[in-house]
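UniProt numbering applies: residue 1 is where the sequence shown begins, and numbers increase by one.
Source of the hints: derived by calculation from the structure; they are not laboratory data. Treat the hints with caution; some may be incorrect.
[To be verified] Simulated DEER-style distance windows between Cβ atoms:
no.	residue 1	residue 2	range
1	T25	G135	41 to 51 Å
2	S253	V175	13 to 23 Å
3	L212	S253	17 to 27 Å
4	G210	C249	20 to 30 Å
5	H65	V175	29 to 39 Å
6	T173	P213	39 to 49 Å
7	S107	T25	23 to 33 Å
8	N182	G55	22 to 32 Å
9	S239	M24	39 to 49 Å
10	S107	K177	11 to 21 Å
11	L212	G55	55 to 65 Å
Given the structure is predicted, the values throughout are model-derived calculations rather than measurements. Even glycine gets a Cβ: it sits at the ideal position worked out from N, Cα and C.
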Amino acid sequence: RQVRRARFMDPQQRMLLETTAVVMTESPAPLSTNSGVFVGISMLEYSRMNVAHNGLGTFSATSGHLSVTSGRLSYTFGMTGPSLTIDTACSSSLVGMHVAREHIAMSPGSSESSLFCGANLTLAREWTESCSLAGMLSSEGRCKTLDASADGYVRAEAALAFALHSDESGGHTIVAKASSVNQDGRSSSLTAPNGPSQQDIIRQVMARGGSLPEDAAVLQMHGTGTALGDPIEVGAALSAFSSSAGDACISLSSVKSNVGHAEPAA
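Could you put together the complete structure from these sequences and hints?
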């Protein structure tokens with residue numbers, strides 16, 4: 001029975017079980033039993049492939065729903081806080097971090113920790129072909145962020161899990177001073193980025209964190225290496241940080257040039 005369960009289980013769920021187990025054993029501060037679980041994930045490529053090759057089975061339903069991903073982590077590791085699967089496309093795991101942080105902030109004394117995760121596997125040829133036909137993917141197989149010859153991104157695979165704790169729990173290696181989420185609203189098309197909206201979110205997060213523009217040293221870009229997206233993102237950053245005092249300099253960085261675009265786990 002366990003072998004059949006594993007065969008039908010989406011490998012994204014399996015990978016998150018493994019990465020979460022590492023977090024549970026190596027985190028400087030343990031996750032409490034009332035921790036929330038927030039998973040950024042979008043793709044169901046394995047479920048369709050599994051049905052095509054193996055047919056339907058007892059465990060098809062629990063492999064074929066994104067909501068099960070967060071539920072399986074809560075069940076396996078005995079965490080009773082909110083359990084949410086978040087699909088906001090390429091921002092899914094970062095939105096998961098924001099929601100996890102907000103959960104801790106709004107639950108003082110009742111929940112001092114959260115788990116946020118992201119996963120992506122490129123399994124189905126059809127979805128990659130769809131992205132290519134939509135003009136999203138690089139014809140050269142390289143994501144060349146900020147390069148004049150950039151023509152799109154390369155799909156990548158990833159699984160990640162992080163423990164987020166309140167200020168009082170100690171043992172932090174990274175401090176998330178502030179976070180915020182917004183949306184493009186009306187732009188030139190459904191998938192086109194909105195420069196003013198990006199400016200707003202940068203300014204909003206800086207204000208929430210009590211930081212000045214000159215305090216920023218590095219901006220980790222979305223940086224998909226597209227002719228439309230990269231210039232808009234750089235323009236928004238220039239506007240948002242233009243009030244920096246003195247000769248403050250901010251470095252632009254994008255991991256996608258090294259490892260590709262992990263989409264919901266980016």
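Return holds or violated for the Cβ distance of T173 and P213 against the range 39 to 49 Å. violated (25 Å)
Starting from the range 29 to 39 Å, see whether the pair H65 and V175 falls in it by beta-carbon distance. Cβ of H65 to Cβ of V175: about 35 Å, so the range 29 to 39 Å holds.
Does 41 to 51 Å hold as the CB distance between T25 and G135, or does it fail? holds (43 Å)
Would you say the C-beta atoms of N182 and G55 sit inside 22 to 32 Å of each other? Violated: the Cβ-Cβ distance is about 43 Å, outside 22 to 32 Å.
S107 and K177, beta-carbon distance inside 11 to 21 Å? holds (19 Å)
Between L212 and S253, does the C-beta distance stay in 17 to 27 Å? holds (20 Å)
Is 55 to 65 Å respected by the C-beta to C-beta distance linking L212 and G55? Because 60 Å falls inside the window, the suggested range holds.
Within 39 to 49 Å or not, the Cβ separation of S239 and M24? holds (42 Å)
Given the hint of 23 to 33 Å, check if S107 and T25 actually sit that far apart at their C-beta atoms. holds (25 Å)
Go ahead and decide if the range 20 to 30 Å is satisfied by the Cβ distance of G210 to C249. holds (21 Å)
Cβ-Cβ distance between S253 and V175: within 13 to 23 Å? holds (19 Å)
In summary, the numbered hints that this structure violates are 6 and 8.
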